[in-house]
Amino acid sequence: MPIAFMLLFVHGFGGAIETGSDSYVAYRVSPTRPGPVWWGQDRGMLTIGQLAAYAGVTVRTVRHYHQIGLLPEPERDASGYRRYGPTAAVSLIKIRTLANAGVPLSRISQLLEADSATFAEAIRGIDGHLREEIERLQTSRRQIAQLAAGDGLTLPPEVTAYLDRLREIGVSERVMAGERDGWILVAAHWPDHIREFMPGKLAQLDDPRVVRLYRVLSEILDGGDDDDPRLGEAADIIANLAEQAYAAGTFEPSDGDYQDLMHDLLDALAVEADPRMQRLQELLRERGWTGWNRMERLA
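Here full-length UniProt numbering is used: the first residue of the sequence shown is 1, the next is one more, and so on.
In short, the hints are calculated from the structure, not lab data. Built from N, CA and C at the ideal position, the CB exists for glycine as well. There's no promise every hint is true.
Between beta-carbon pairs, the in silico distance windows are [unchecked claim]:
| # | residue 1 | residue 2 | range |
| --- | --- | --- | --- |
| 1 | 132 | 209 | 48 to 58 Å |
| 2 | 87 | 110 | 35 to 45 Å |
| 3 | 249 | 130 | 51 to 61 Å |
| 4 | 86 | 137 | 35 to 45 Å |
| 5 | 47 | 67 | 43 to 53 Å |
| 6 | 75 | 129 | 51 to 61 Å |
| 7 | 260 | 125 | 21 to 31 Å |
| 8 | 94 | 191 | 23 to 33 Å |
With the sequences and hints as input, model every part of the structure.
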């Protein structure tokens, strides 16, 4: 041990110097003054608990390091106890320092044996991975913060603006939940077309019939009548809007089986949201229309 460190131990920590039975000098630290231990030839060996406390880890951690081969397990003494010397303490402190710095345990053994150049290169690589992880966590934090906004977590801003407009015209939260879930599916399936969809959807809210439809549906879904007579009014409004769109030629043809499946999924979502939507679809069929998300005129 360098003389400077020996002087620091003697004068800096205020311990007592004792002469052992061998040729070594052992430094005893006062129990109330934690500090380094100076090992003698046959004294000063540490138990696993003392080693863990000295390195600032738990006994369980030391045992785990033994199990994965990161810290060599010492032989047991005559009493069957593990005894650790200064080399084990130094190794454990190095392991703890690297682990606390974010180095994976699987890499620590390699780093402990590496030369300076290899060590520096490995640390740069680990630092790069940590930077990526930090960026990922920061993104996660921003997403979690959006939970307070509700709709903004899974929907683009154009859709959240539309949902805000629905609330302004008095649409109930139960209807809003179905709208939100439907738009989640649409945004996931057609993310590049959301900006094309939304101006037309917002323009529809300037039509008093559309506003009336949303309000009627809100009243129906907030009520408890399984066969609410206002379902007929809702069906009349929808059929009237569909006839107008059909006459204007704005109904889009099928885009194939895959697109059909997406439309069917959206239609099924409406029924799952409230079984009364099934009754509304039956009323629409009576008026010559089928479907919900993409309506088709019956022959």
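Structure-based check of each hint:
The hint said 48 to 58 Å for the Cβ distance between residue 132 and residue 209, and at roughly 52 Å that hint holds. In this structure, residue 87 and residue 110 break the distance hint of 35 to 45 Å, their C-beta atoms being roughly 19 Å apart. At roughly 58 Å, the beta-carbon separation of residue 249 and residue 130 lies within the given 51 to 61 Å, and the hint holds. Range check, residue 86 to residue 137: Cβ separation about 38 Å, and the 35 to 45 Å hint holds.
Take residue 47 and residue 67: their Cβ atoms lie about 18 Å apart, and the range 43 to 53 Å is violated. A C-beta distance of roughly 37 Å is found between residue 75 and residue 129, which places it outside the suggested range of 51 to 61 Å. Between residue 260 and residue 125 the Cβ separation comes to about 49 Å, which falls outside the hinted range of 21 to 31 Å. Distance hint check for residue 94 and residue 191: the Cβ-Cβ separation is about 49 Å, which falls outside the suggested range of 23 to 33 Å.
Checked against the numbered hints above, the structure breaks hints 2, 5, 6, 7, 8 and satisfies the rest.
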